[in-house]
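Chemist: Chains as they are written, first to last, in the UniProt record's numbering: chain A, 1 to 671; chain B, 1 to 123; chain C, 1 to 166; chain D, 1 to 485; chain E, 1 to 502.
There's no promise every hint is true.
[Unchecked claim] Partial pick of chain E residues on the chain A-facing surface, computed with a CB cut under 7 angstroms:
| # | residue |
| --- | --- |
| 1 | V239 |
| 2 | L301 |
| 3 | W412 |
| 4 | A423 |
| 5 | V427 |
| 6 | A444 |
[Said to hold, decoys possible] Only pairs whose alpha carbons sit at most 25 angstroms apart, straight line, appear in this in silico SDA-like list of lysine to any residue:
| # | chain 1 | residue 1 | chain 2 | residue 2 |
| --- | --- | --- | --- | --- |
| 7 | E | K112 | D | P360 |
| 8 | A | K25 | E | P379 |
| 9 | A | K25 | E | A376 |
| 10 | D | K353 | E | L173 |
| 11 | E | K112 | E | I16 |
| 12 | C | K85 | B | H86 |
Derived from the structure by calculation, the hints contain no laboratory data. All residues carry an ideal CB built from backbone N, CA and C; glycine is no exception.
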Amino acid sequence: MPGFLLPLLILSPLAASVILFLFAKRISARGAGLLAAGSVGFSAVISMVLAFLLLSRTNADPFQITLWEWMRTADISAHMSFLLDPVSLVMILVVTVVGFLIHLYAARYMADDPGIARFFGCMTLFVAAMLVLVLASDLFCLFIGWEGVGLCSYLLIGFWYENPANTAAARKAFYITRIGDTAMLCGLLLLMTSAGGSLQISHILSAVTTGQLSSSVVSGAALFLLIGALAKSAQIPFQTWLPDAMAGPTPTSALIHAATMVTAGVYLIARLHMLFTAAPLVMTLMAVTGTLTLLMAACTALVQTDLKRILAWSTISQLGYMFLALGTGIWQAALFHLVTHAFFKALLFLTAGAIIARVHHEQNIFRMGGLFRAMPGVAAAFLAGASALAGLPLITAGFYSKEMILSSVWPASFALAPGLALSGHLLWGAALAGAFLTALYIFRCVFIIFPGQPQTAISGRTPRLMAIPLACLAFLSLAGGFVEMPDALVPVHLFTHMLAPAAAGSSAAISPDAVSHIAISGAEAPRWLLLAGGIAPVAGLAVAWVLWGRTRPVMREVPGQAAIVSLARAGSGTDRLYDVFFVQPFRFLAWLTRHDIIDGLITGAGRMTRRLSLFFLQVRAGSLGLASAGTITMTREGDLLLTRLQNGRVRWYAAWIVAGLCAALASALLA
Amino acid sequence: MSVLSLSDALLLAALLFATGLAGVLVRRDLLFMLMSLDIMLNAAALVFVAAGARWHDASGQVMFLMILALAASETAAGLAIILCLHARGRPSLDADTGNLLPGNLRSGNPLSGNPQPGNLQRG
Amino acid sequence: MQFLALLSAAITLIGAIMVITRRVAVHAVLWLVVTLLALAVVFALLGAPFAAALEVIIYAGAVMVLFVFVIMMLNLGRPDSDREKEWLRPRAWLGPALLATLLCGELLYTLPFRPDDTAAPDLLTARDVGLSLFGPYVLMVELASFLLLSGLVTSFHIGRHRLRER
Amino acid sequence: MIVHDLFLPSPLLALSAGTMVLLASIAWRRSAARSLSIGLITFLAALALTGRHVGSAPPGTVTLFIQDRWADYNGILIVLSSISILLMSWRDLARDPAHPADESALLLLTGTLGAVAMVFSANYIPFFLGLEILGISLLGLVASRRLRFPEGCEAAMKYLILSGLSSAILLFGAGLAYAVTGSLHFTLPVAAGSPGIQTAATIMILIGIFFKLSAVPFHLWLPDVMEGAPVPVAAFIAMVSKIAIFSSLVRFFGTGHLPFYMQSLMPAVIILTILGGNLQALQQTSFTRLLACSSIAHVGYLLIAVLSPGQLQSGVITIYLAAYTASTLGVFAIISAFGSPGHPDGTEIADWKGLFSTRPFLAVTLSLMLLSLAGIPPGIGFFAKFGIIATGVERQHDLLLAVLVTGSIIGLYYYLNIIRVMTGAATPLMVPPRTRQPELTVLVTVLTIIVIIGGLFPARLLRPLLPAPAMTPPYQDVMKASRSG
Amino acid sequence: MSPLPALVLLPFLGGIAAWLADRPRAATVLRNREAPWRISLMVLVIETLLLLAATLRPSIHNGPWTDHFSVPWIPAMGIAFRLDMDGLSLSLIWLTLILSLPAVLLATRQVKTNAGAFHFLFLSTITGIIGTFLATDLFLFFFFWELMLVPMFVLISAWGHEDRQRAAIKFFLFTQGSGLLMLLSILGLVIAHYRATNVLTFDYFILAATPLSPSLSLLLMSGFFIAFAVKLPVVPVHVWLPDAHTQAPTACSVLLAGVLLKTGGYGMIRFNVMLFPEAASRFAPVAMALGVAGILYGAWLSCAQNDIKRLIAYSSISHLGFVLLGIFTGSQTGMQGAIIQMLAHGLSTGALFLIAGSIQDRLHTRDMRQIGGLWAAMPRLSGAGLFFAVASLGMPGLGNFAGEFLVLFATWHVSPPMAVLAATGLVLAAIYSLRMVNGIFLAAPLASPKPVTDFPAGQMAVLGCVMAFLLVLGLYPQPFVTFSAPSPPAVTAATGEGVSPP
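Excised from the complex, chain A in its bound form (with noise of 0.2 angstroms):
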């Protein structure tokens, strides 16, 4: 069995991970690239031989391998282990392929940092943890790649931690992201305790399938597993750390918070399907919340100003779709659409930053303008992932993918309440207003960068070694469509028979009734489906160059500042809203209780047995009142107001003798 190269795919990332943190001050900028790079290559080649077994395999088995028990108990047994199937290649492949090509880019474009040996720690470390967060098959395992993809995430934000606004950014991914991986946890709990205390994947469907898990847990477990991958996704409410996180240098915002670990949470629903299926109204949540997401994202893409910060909220807006798709119970095209998005958006991000590095760091697009000129190369790869961003219909990657959710989304009907669902047109044509949108905002960018006279210096060329990756994804994002397309084009469905095994696994073991709604191919839809599907972005396109492209000088702001800004606002709105109802009281509250409560108490009561001794005192000297006539004077600690008398103590201890004498008889004589 190949299963023990699925341990090596993770050893050589995180083996050259180690290395450059021990090693960081011996290694040079060149070295380390290229170790990271290497490793990061290694790994690819390895997943391609692995697909390659994998697809030429006879049986249906994945490949798999545990490698140590974790722990065996009495209630509880989890692994370290390992599986290979369609779901995970898909994943691993993307993941070293484009991992690879982002490395590579980096390799150049970190070259000039100093602190170029940790960045690429944190990489491959990424990398590394990527990988076992794909190649789990249990979902203890699962969790540690998870949280494990969001360290290194931390760490990459913050990476130029001189900044405190960069490491703000970062804490804030990590937060929110930790919020939802605390649910997740929950979620596993949940579904740990119930389903005999093992979280093998393959066991907790079975015992989905089985029955032997109770539709509440099911619900439950869902409920909180979702929350974790919104979280991860940065889907509603968790949207507002993904813009921010484009503090960090631009190939960690390639490939983490736009091509691998921010899918993580899709490729969670993806694997788990089975019991999101199970759960429809979750499903229907997930549905909605991807509708919102992706609608509210491409309307704050449309005024953002920042270039980065427009493909963040674009990389938001495509998750939603993938959210859609996942509700919609289509995880295959969920899964497509990933791996293209994963494919343009790297692009997207890589030119950016490529564009970036020659107009000396300035993101504003409207300081940069007529970059066609300086760097055709750039624009044409950049041209070639916002076509596929926005779908233009045919050549791109970008349409076939969405297609695919668009045309299975107007059939499904979404379960709201026994006997009430909401029907998929409503939100087909969100869908489709969000991909119009897509191609607004995107061209957008487009029209304001490339065409016109330059706004800023620009200098330098754009290194070889960066622009190798950008021509590969630029072929990627426009070809790698052509695997799977529509039957009323080309029936091509190369994906979804990649898929087909763990799909059948799936569709076989679910009852009738959880899969009302799952429609996988296009068949039944109607043609014109697809026709609306195409002609979006290309009124998206249009309406763009309207706006944009022939207007000089350049628009600084949308037109008509009515309804549709204010919907704008809604992304950066929701941060300010946290940012007054959680976090801010959480600070003062904090500040607040900086000095223990408790500890005040306890202290406070220590010092009022020091005030009782003190009244000991008072009594050794105090008086009868009736000795003899004195100074009266307060106390220091007037609190007690006892007065002390100049008086005579040897009278006064000898009345305290007398007085006990007389107490003492007086309770002999009662008792």
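Here the structure of chain A is known, so what remains is to put chains B, C, D and E in place on it, guided by the hints.
Modeler: This is chains B, C, D and E only, laid out in the frame that chain A set:
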């Protein structure tokens, strides 16, 4: 031949004891305190003598003798202390004034013999 | 005889009260002597003539002389008695007196007030006392001598005035 | 009636003989060194003679003195304490002209004599005489520094008046007991009829004992007197006087069940004593006053054991006495070693600042002693307090245990406070000059070893030494019946 | 010969040697001003070898109690010097040594004033701790329990930082005072046993079989619980901890956080859950609620601190809340989680205190706002700091998470809402840990007046070992779980009783 019964004697002794006690508590002059103590001791002696008579036992009177010895040495020591205090220039034999041993209420130089009121606590 | 007993008891008490209420120390000492003499009568009536004699000789005699001696040494005068008057205001003695009364009441409550159980006790002469003193209690006499010795040393120790040159 | 016999406890004999020799020696020529040496030899002789008594009481008879292991044990503790105190005061007495050595040595001897007499007495007369010999001697000792420190005289005056008062009360109580029982036997008065007088007698004797033990609320004199006295005399008050009176308390009441009329009184006094002692100690800035307050609290702890008859009681009381004696003596010895002639004793806690760096030996030993007093290992006090709690648990004195725990926690605070002060930074001005004082070094070392060995191997000390319980349940029934009848 | 008494006494004797080596006369003979340091290092190494021998030594019988030593001590009261070792005590002793070695290596060499006394006290504390872990006579246990506090008190009070004396007294009062309650419980148990069987003994194994009424056993258990709760610490009685940890000298902070607190957890396992299983299960809801409160409260306060050591101290409270939670879930998994959490917390927090102490040694401040970014100047220290901070925030794959996960799992079985609340602590853990990371490691450097030196490679290697332990604990805890399983008293009562050392 006695005309006093034990309980009569005890009655007298109790009254005498209380009187002496009141003297110790009320008087401030050391001399008077010593005299009051003597009265109390006598009350105790009376009890012993009366009880000895009651039981027809000489031990009571032996005890009386011991009390006498105690009274003598206590009075002697007490008067020596009075003289000592007097010699140190205490304005009077007031048992109350000039407390050099105010304990925690001490303030200022203990040798000055002039405590200032009001300082409850040092440090 | 009954009358004599009552009288001496009354004198004893009145004397004691006078002692604690006098302002001039010498008066108090004299009243104390009266008290002790009356007490000696009580002792005699209780059948303890030896005790009565000792009370008169040692207590009213020797011990009281000590007091007088010290009073003379102290040279107390008018200011002292005025001060005593100042100190003997009701608010000064009310509390202690109450306390003493309370104790007295408690004591009286405990005492048996029924007319006494036994017949009148016999006389215990000096001979009886002496026999037991130098019989079973001979060691006690020795101890008492140590008591007196320590009283002596203490008085001497405290009574010395100056640092003695060594 | 008292049976005539010739029984005389031999330590008493040694002490009185020593006193005579000393008197003769003083009469011949005054010499501090010789007086002290005679004192030391006398004490050693008394120690050596303990347990070898002259004559013996015929069995089944009532005697003036009693010989049992309890008396021997307390006698040994007292004489050992006196030896330590003599060593503590050696330097001051031998070298400082302000301290008249001869009288001090003499009074130390007579005081010890009185204490030992109390311990061995089985009769009111020797008990009372011992008590007064002790008291009058203390009077002289307390005032012995008066020429340099006028507090001495004042402290003596307070002690005189208050102890006179308590003696009178005790005597009156003893008289009532005699009146009711016709016997001077030193034990709870039990007779048919007149329960009121019995009660009054017991209570008055108890109050007298409580005064000397300084149980709250009869404790007020102790801090004043101890502070006014020289340090060794303060130790004498805290040790000798307390051991003697405590042994008498145990002998008087026995360790069995209390008479019914004291069953609420004793716990009340214990609670007041523990809390009052500890709380008062909390505020002290003077070391001797603090020790006075802590000794008050320790009396409270001990009384819990007295109240808890059972299998553990006897051994626990024994070991607690040993622990208290050794630890407190150690502290006093260290205080003495801290001072130097012509320099005031280190009686202000603030004077001890930085001792860990200036005189680590003293600091470490003092910490050990204080921890032992606080009941923390490895000192002997740990086991002692453990035993006290064990007896309390055995008898289920829940309230008392709660108070004990509270008191111990408060106690910890002030003991630790001293250690805390010692760990502070030293100010050079505060460090008194060091003098050679081999006797104190030896004393401190020996006491330290005792404290540690006793703490680690307390088994040997755990011997049942107490006299048989004087008050057994049937007696109570008699009492109750007689009272109701 | 059983190595157990040697294991207990060796550090103490070594401490005496270290102390003597510091005498002026000895110092001239040894010609080495660092003699105490060297001696204590040597002692710890020997102790480690001894422990290794004890670990590898074949078990004296088939039961889970691997070693046994007993001599009578105070026979009159049935007290014996009895030591027994099972997996739990063995692993905690290992933890003690693994932490005290780096502490001595890294942090005590700087002690210049009275170094001999310092090392003596330090090693005495270790003796107390090891004794606590081994004693199976209740009196002996209490003896060691009290004994370990004294040297620690002096260490804090004399060698600590600015507000050390108040902190030391607070530490001592709390731990000692609660110890008295435990003493009451011990005696109550002994007396109850005496009443039932007429045998006076303090033997853990015999007492475990005491028949108790439910209310009495609850009462006795709560006495033990309070003492352990103060030590652990549990929230309302935690107040000594932040002060003590903050003010203690570095090595003592390490020992306090790393090991001393574990005696509380150890006690809860051995003397609450195992000695009073039924009472513990009835008490469990309260204890678990306290655990959750501790998790949240500690984390919350940790978020607001600017003093690094204080921040770490409050985070300890949060982490140990998991221990409490786990112990009282009543399941084996929870117990194992608690043990793993104890080990992991000991390593991570101990190391964090080491790092905080090193920072304070170099920069003379613990205020995050005045430290600034250290990564540029001290990448090794900062890297290690980052690692341990990440461990403390509960990163899967590191030891802390393993413990927390098991505890949460066991808690979920009992009460899902409680588990959810406890899990919320993980979010707060992220907040305080990353706040620290971005406060002192990954932040813009402040203008530092003088250059600071990084950890040398040797010291880094020591920390590296700790990191490796944490990683192993996180990735492969199974052997630890098997190794450190606590043994119930009944086992020895059945098989090992009366076995005398060969």
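Chemist: Give me the numbers of the hints this structure contradicts, sorted from smallest to largest.
Modeler: The structure breaks none of the hints.
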